[in-house]
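Visitor: Sequence:
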Amino acid sequence: MVADAPGADDAALAPEPVAATLPGLVPGPGPDGRPRPDAPLVAVTGVTGYVGGRLVPELLSAGYRVRALARSPQRLRGRPWVGEVEAVEADASDLEQTRAALEGVEVAYYLIHSLGSGRTFESRDRTTALTFARAAREAGVRRIVYLGGLYPEGEDLSPHLASRTEVGEILLASGVPTTVLRAAVILGSGSASFEMMRYLTERLPAMTVPRWVENRIQPIAIRDVLRYLVGAAAMPPEVSRGFDIGGPDVLTYRDMMQRYAAAAGLPRRVIVGVGVLTPRLSSLWVSLVTPVPGGLARPLVESLVHEVVCDEHDIARWVPDPPDGLVGFDRAVRLALRRVHDAAVSTRWSSASAPGTPSDPLPSDPGWAGGSLYVDERRVTVDASPAALWRVLESVGGENGWYSWPLAWRVRGLGDRLVGGPGLRRGRRDPWRLLVDDAVDFWRVEEVEPGRLLRLRAEMRVPGLAWLELRVETDDDAVGSGRAEPDPDADAKPGANGDVTDDLRGGGAPAGDDPGSVVRPGDDARWLRPPAVFAQRALFHPRGLLGQLYWWSVAPFHGVVFGGMQRNMARAAERAEQARTDRSRVRRDRDRTGAGSPGAGTTRSDAAAGA
Numbered sequence: 078m079v080a081d082a083p084g085a086d087d088a089a090l091a092p093e094p095v096a097a098t099l100p101g102l103v104p105g106p107g108p109d110g111r112p113r114p115d116a117p118l119v120a121v122t123g124v125t126g127y128v129g130g131r132l133v134p135e136l137l138s139a140g141y142r143v144r145a146l147a148r149s150p151q152r153l154r155g156r157p158w159v160g161e162v163e164a165v166e167a168d169a170s171d172l173e174q175t176r177a178a179l180e181g182v183e184v185a186y187y188l189i190h191s192l193g194s195g196r197t198f199e200s201r202d203r204t205t206a207l208t209f210a211r212a213a214r215e216a217g218v219r220r221i222v223y224l225g226g227l228y229p230e231g232e233d234l235s236p237h238l239a240s241r242t243e244v245g246e247i248l249l250a251s252g253v254p255t256t257v258l259r260a261a262v263i264l265g266s267g268s269a270s271f272e273m274m275r276y277l278t279e280r281l282p283a284m285t286v287p288r289w290v291e292n293r294i295q296p297i298a299i300r301d302v303l304r305y306l307v308g309a310a311a312m313p314p315e316v317s318r319g320f321d322i323g324g325p326d327v328l329t330y331r332d333m334m335q336r337y338a339a340a341a342g343l344p345r346r347v348i349v350g351v352g353v354l355t356p357r358l359s360s361l362w363v364s365l366v367t368p369v370p371g372g373l374a375r376p377l378v379e380s381l382v383h384e385v386v387c388d389e390h391d392i393a394r395w396v397p398d399p400p401d402g403l404v405g406f407d408r409a410v411r412l413a414l415r416r417v418h419d420a421a422v423s424t425r426w427s428s429a430s431a432p433g434t435p436s437d438p439l440p441s442d443p444g445w446a447g448g449s450l451y452v453d454e455r456r457v458t459v460d461a462s463p464a465a466l467w468r469v470l471e472s473v474g475g476e477n478g479w480y481s482w483p484l485a486w487r488v489r490g491l492g493d494r495l496v497g498g499p500g501l502r503r504g505r506r507d508p509w510r511l512l513v514d515d516a517v518d519f520w521r522v523e524e525v526e527p528g529r530l531l532r533l534r535a536e537m538r539v540p541g542l543a544w545l546e547l548r549v550e551t552d553d554d555a556v557g558s559g560r561a562e563p564d565p566d567a568d569a570k571p572g573a574n575g576d577v578t579d580d581l582r583g584g585g586a587p588a589g590d591d592p593g594s595v596v597r598p599g600d601d602a603r604w605l606r607p608p609a610v611f612a613q614r615a616l617f618h619p620r621g622l623l624g625q626l627y628w629w630s631v632a633p634f635h636g637v638v639f640g641g642m643q644r645n646m647a648r649a650a651e652r653a654e655q656a657r658t659d660r661s662r663v664r665r666d667r668d669r670t671g672a673g674s675p676g677a678g679t680t681r682s683d684a685a686a687g688a
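Going left to right, the sequence shown walks through residues 78 to 688 as our numbering numbers them.
Everything labelled a hint here was simulated from the structure, so no lab data went into it.
There may be inaccurate statements among the hints.
Said to hold, decoys possible - Restraint ranges, calculated between C-beta atoms of paired labels, are given here:
| id | residue 1 | residue 2 | range |
| --- | --- | --- | --- |
| 1 | A250 | E389 | 18 to 28 Å |
| 2 | D666 | R455 | 33 to 43 Å |
| 3 | V637 | R606 | 28 to 38 Å |
| 4 | P229 | S149 | 30 to 40 Å |
| 5 | P229 | W395 | 20 to 30 Å |
| 6 | R331 | H390 | 20 to 30 Å |
| 7 | E163 | V349 | 47 to 57 Å |
| 8 | E524 | R455 | 15 to 25 Å |
Cβ coordinates follow ideal geometry from the N, Cα and C atoms, glycine included.
Turn these sequences into a full structure, and let the hints guide you.
Guide: Below, the structure is given as structure tokens:
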């Protein structure tokens, strides 16, 4: 393999579509930059996941028409590419649905697995793969492409690796030409493996570690994974086999942590190996130190017990290495850290819903026939514009916090992690913008109506179903009719303490003007001026007696938690509104002063003519 050259320009690499390094292998877009009407149609499963969500735009850039398969296509709303694909409802475990969704498809990407979904994940993966394989064969699909795990031959594999291997074998036996790509640790902003390594290294300057940190690993950058996935679509029909894929570096996990520390500008870590830490104990430790919950950490740790190094590089025969070489470990880390720093992480390991999370719709009224529905509802008038209030609501969670009793939130998050839930450290994909299906700590975004409504659904372990609904209203409840979506780059964005950050881009002029700059002509003028009404609802549908007891045990604390949250968010919006008003006044005074000064009416062309 050809490693990336020392001193290569990292900045030039990140934004370029991988198709640019696959000339002759991909169809290429039409003159308008979009796939041609006669371009090959490819289907992608797992589009709400980490890899699938990044693969779709790469396939579009390569000139393929894309059909996105999802159990709930509405979860794709807000994705930047959703308007360019055909979104189809299909559960891969349903033969009829999947066969219909694959009609007319030439290449089908199978990016589904049940990692971290409990003890039955192996049988679930097996059944789903068998169903998908049959549906693809009966629909006349020309090729299946699957991303599996790299594994050593002749060893007893961890349950996770064994299941990924079995799925690959099922697809290869489907009767449809299949490409199985086997990867070890994937390096990319937001990947579970990268986040685990990142947080362990950043939070622990000294650590005791199990013996598996000395095992050799061949990691691969997410960019190269995507490149192989896109290139595999063009393989000839006689090729049906598995391929090892890896980057140019073979490292131990200890080496990876030390090199991550160097790339991140951290001191060298003190790492002491011990032989008493089992994978189970290691995964519990990982779940406490990193955002990765125990259910996901354990299969990842168990996989690291094996040495995973490529035995061959045959893939290069059909998908040649890029001209500048594969992305090495150090450059992959720098690229990932830049995306984290720039809040440009398009997908994360938490992008897919937590296994077992219910998908029932929110009961629309307290008289819901489905059973008891407890509601804690609060409303307050805020001396801020709806625009300022919405920016606060949409920024909730993650690094920005929950605006009330931080200790209570931390204790609740820790308790959730101890019982196998995601806890608070899952954070957010983007600090200011939310899309449907984004994870926000132990919540998931169920609905976003920009400028009007944010509904979060609990993924914490509770004996029932729980929602938190935050709504912006005006006195006449007219906000939202015909209004433009707030600009995420506008200024006066509040932090967790209500502070106003004029420039989130790290220097230079403010990122936007006052809220008027994000409203098109004809929009509701009430969007721009105080007051606004902040309506907050917490809803809980209990499951059995335990659910009833849970609600009544926590209800006394709602005034402190939810009441304090509402008050502090209202104050943050008012401070942001005041800061915007002060800036507008300064600008008006400056403009007024400038208008009265000599030569103020001289135009640029007049000055040029007199020069």
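Visitor: Could one say that the CB atoms of R331 and H390 fall in the range 20 to 30 Å?
Guide: holds (25 Å)
Visitor: Given the hint of 15 to 25 Å, is the C-beta distance from E524 to R455 inside that range or not?
Guide: holds (19 Å)
Visitor: Verify the CB-CB distance for P229 and S149 against the hinted window 30 to 40 Å.
Guide: holds (38 Å)
Visitor: Could you say whether the range 28 to 38 Å given as a hint is met by the Cβ separation of V637 and R606?
Guide: This hint holds: roughly 32 Å between Cβ atoms.
Visitor: For the range 33 to 43 Å, tell me whether the beta carbons of D666 and R455 fit it or not.
Guide: holds (39 Å)
Visitor: So does A250 sit 18 to 28 Å from E389, Cβ to Cβ?
Guide: Once the Cβ atoms are compared, 21 Å apart, the range 18 to 28 Å for E389 and A250 holds.
Visitor: Does the Cβ-Cβ separation between P229 and W395 fall within 20 to 30 Å?
Guide: holds (24 Å)
Visitor: Verify the CB-CB distance for E163 and V349 against the hinted window 47 to 57 Å.
Guide: holds (54 Å)
Of the numbered hints given earlier, the model fails none.
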